[in-house]
Amino acid sequence: MIRICVLAGILLTVLSGCDEAPNPIQYGSNPELPAPQRGFLPEMVIARPIDWGNDRPTVPQGYKIVAIATDLQIPRQTLVLPNGDILVAEGAGGGAPVLRPKDLIANYIKSLGKSSVKGGNRLTLLRDTDGDGVYEIRNVFADNLNAPYGLALINGAIYVANQDSLVRFDYQDGQLRANGPPATITELPSAINHHWTKAMAASPDGRFLYVGIGSNSNITERGMDAEVDRAMVWRIDPQTGAHKVYATGLRNPSALAIQPRTGQLWAAVNERDEIGPNLVPDYLTSVREGGFYGWPYSYWGQTVDPRTQPQDLEKVRTALRPDYSLGSHVAALGLAFSTSAMGPFAEGAFVGEHGSWNRRVPVGFKVVFVPFRDGRPAGEPIDFVSGFLNDDGRTRGRPVGVTIDPRGALIVADDLSNTVWRITPGLPRVGAASPPGEARSIQTH
Amino acid sequence: MSASVHAKAIHPLHAVLLAFPFPLFLGALFSDLAYWSTAQVQWANFSSWLIAGGLFAGAFVVLWALTTLGSGSRAVLYFLVLLAMWLTGFVNALVHAKDAWAIMPESLLLSAVATILSFAAAWIGYSGFSAGGLK
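Read top to bottom, the protein sequences are chains A and B.
Residue numbering for the first sequence follows the numbering used here, beginning at 1 and increasing consecutively.
Residue numbering for the second sequence follows the numbering used here, beginning at 1 and increasing consecutively.
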C-alpha cells in the first residue's frame, strides 16, 4: 500500500490527520455520523493490484466460485438473458478535464489502483451450451459503444446505457451477435461526466427504463452550473425517448434494481468524500418518485454540508433519509435482488463494493448480502464474496456489477482482474449451505 | 571589486525569478476574494494555479537565496522571509485542494500572509545587498 500521507513527510502526516479514526457503527438505517474532519491533505491509501495466482475469492461454505470469463476489457455490469446467456458491458468512461493542480495528482494516484487495460467499449456474450457452468462460447455481441454500463432487456430488445446515450439493439433469443449498430433512443447527460456511469433498470411492466446519472463533482467543486441534469434518476419511455426526472439529490446512483414482487426501484448510491474516513455513508435505498435525497446541500437526510454554497436550507428540509447505510467509502457499484435459488441467501440484496481509495483503512472490496425482511433491509450486511483485498493490503480484484442468474447463481463483474465470476450454491441439497447467520460476519474496521 | 557602500543588484536571472511570487500570490488573494463574494468556484480554481505558479518560481528563488546565505545578516533575513513565504504558499496550495467552500476562510488568510511575505522578500531582494554579498 502506498501511504500518500507519508510521501509528504512526517510534518504533513500530522497535518493531514492520518490518525486512527474511531470506527462508528455505520450499517443500517441509523448510522453514526461523526463530525466532518479533513486535514491539509486528503487521506488516500491506494491498494496496489496483484494477480490472483491460484487463489480465488472467498465465498460462504457450501458455495462455489468459478471464473467464467477472463481477460476481458474492464467488465462493469452484466445481464442474464432468458436463454441463460450473459452479456457483459465493458468500458471505461469519464475523462473530465483537469481543473486544478490537485486533479493532476489525484488522477495519477487513483490510476495506481486500477487495471491498465483499455476499456473495451463493447458487449461480450458468454454462453454455457450444456448447463455445466462452463461458458464455452464467448463472442463480441456489439462493439464501438461508448463506455456501456447499464443493461436491460424489455420487449424483445436489449437496451444499453452508454455514458452519453441510451441505445437499443433488437434481440432474438439465442442471438450471438447484434444485427448491426444500435438505434439511439435518447442522449444522456454527458458534459464533463465526472461520474460517468449510467446505471439502468427496467420497470417490471417494461414500460419504462430508469437511468442513474451521477454528479459532476465530489461536492460542487466544478460549480453549480455543471450539476444541471446530474445527481438524479431519469425515468425514460423507451418508445419515445422522453424522460421525466424521477428522483434527485442522489450523488452517484451507480446501481439500480427493481425489487421482486413490490416492483419498487432501489438504488445503491455513492456519497461524498473528503470530510473524513467515516463520512458520508454510501447507501442502499428505495427511490421514491419525486424524492430529493440531499446532494449537494445535505447528507443522510438533513445534515447540512457547508461546502456547498450558496446553501439551500429550504431544499434541505425536504431531503429524504436513505433506507440503509452500507458504510462510508465502500463504493457500492452493483445491486441485485436475490431469489430462492440462492439457497439461504434468498431474501435480500447483493451489493458489489468496489472498495475505497480515500480512507486509511481500506473498506469494501467485496460483495455483501443485505438481508431483507418484509421487503425492508433487516440486519447487518454479510460477506458473500470477499478476499479481493489480500492480507498484505494488495487488491486482486474489484467487484462492480452483480446480477442474479435465475437458475441459481450470482454473476460478479471484476474490473481489476478483468474477470467475470459466477457463484453457485455448490450442492443442490437444500440446507447444505450455512445460513446467513452462521456465515463469517463482516469485518468492522 | 571596490569597497563600495552602494548596494549591489542581484543577478538578472535571480531578479526575473523574484518577480514572480508577489504578483502571483497577490492575484490569488484577489481571486480568493472574488470567490468569497460570488461563490463562483472558478475563482478558487484560478487561485490554485496562481499559487502553484508562485511556488514553482518561488522554489528557485529560495534555492538561490540558500546558496548565498553566508554573505551577511540581510542575506539570512532574505532567505528566511522567502522560506516563510514558500511554506505559507505550500500550505495554501493544500488548502486550495479542498473542494468548493471547504477552502474558506483559511484560503483568504493564507493568501494574504503569502502576499505580504512575497512583497517583503521582493523589497529586500530588490534593495540589493552589500557588495561581495549576493551574486
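No lab work stands behind these hints, which were simulated from the structure alone.
Beta carbons: idealized from backbone N, C-alpha and C, even for Gly.
Mixed in with the good hints there might be a few duds.
Claimed, not checked - If you want a taste of the chain A side facing chain B, the calculated C-beta under 10 Å gives, among others:
| id | residue |
| --- | --- |
| 1 | R38 |
| 2 | G95 |
| 3 | R100 |
| 4 | N107 |
| 5 | G180 |
| 6 | N218 |
| 7 | G223 |
| 8 | R272 |
| 9 | L313 |
| 10 | V316 |
| 11 | R317 |
| 12 | T318 |
Each hint tested on the structure:
1. With a least beta-carbon distance of about 7 Å to chain B, the hint placing A/R38 at the interface is held under the 10 Å criterion.
2. Below 10 Å, beta-carbon pairs count as interface contacts, and A/G95 has none with chain B, the closest being about 18 Å; its hint is therefore violated.
3. Hint status for A/R100 relative to chain B: holds, with the closest Cβ pair at about 4 Å, below 10 Å.
4. A cut of 10 Å between beta carbons decides the hint on A/N107: the least distance to chain B is about 13 Å, and the hint is violated.
5. With 10 Å as the threshold, the beta carbon of A/G180 stays out of range of chain B, its nearest partner Cβ sitting at about 44 Å, so the hint is violated.
6. About 5 Å separates the beta-carbon of A/N218 from the nearest beta-carbon of chain B, less than 10 Å, and the hint is met.
7. About 5 Å separates the beta-carbon of A/G223 from the nearest beta-carbon of chain B, less than 10 Å, and the hint is met.
8. The interface hint given for A/R272 holds, since its Cβ lies 9 Å from the closest Cβ of chain B, which is under the 10 Å cut-off.
9. At about 15 Å, the closest approach between the beta carbon of A/L313 and any beta carbon in chain B exceeds 10 Å, and the interface hint on this residue is violated.
10. Annotation: interface hint on A/V316 violated; nearest CB of chain B at approximately 15 Å, more than 10 Å.
11. With its C-beta approaching chain B no nearer than about 20 Å, A/R317 sits outside the 10 Å limit, and its interface hint is violated.
12. At its closest, the beta carbon of A/T318 sits 22 Å from a beta carbon of chain B; the interface hint therefore is violated under the 10 Å criterion.
The structure is inconsistent with the numbered hints 2, 4, 5, 9, 10, 11 and 12, although it conforms to all the rest.
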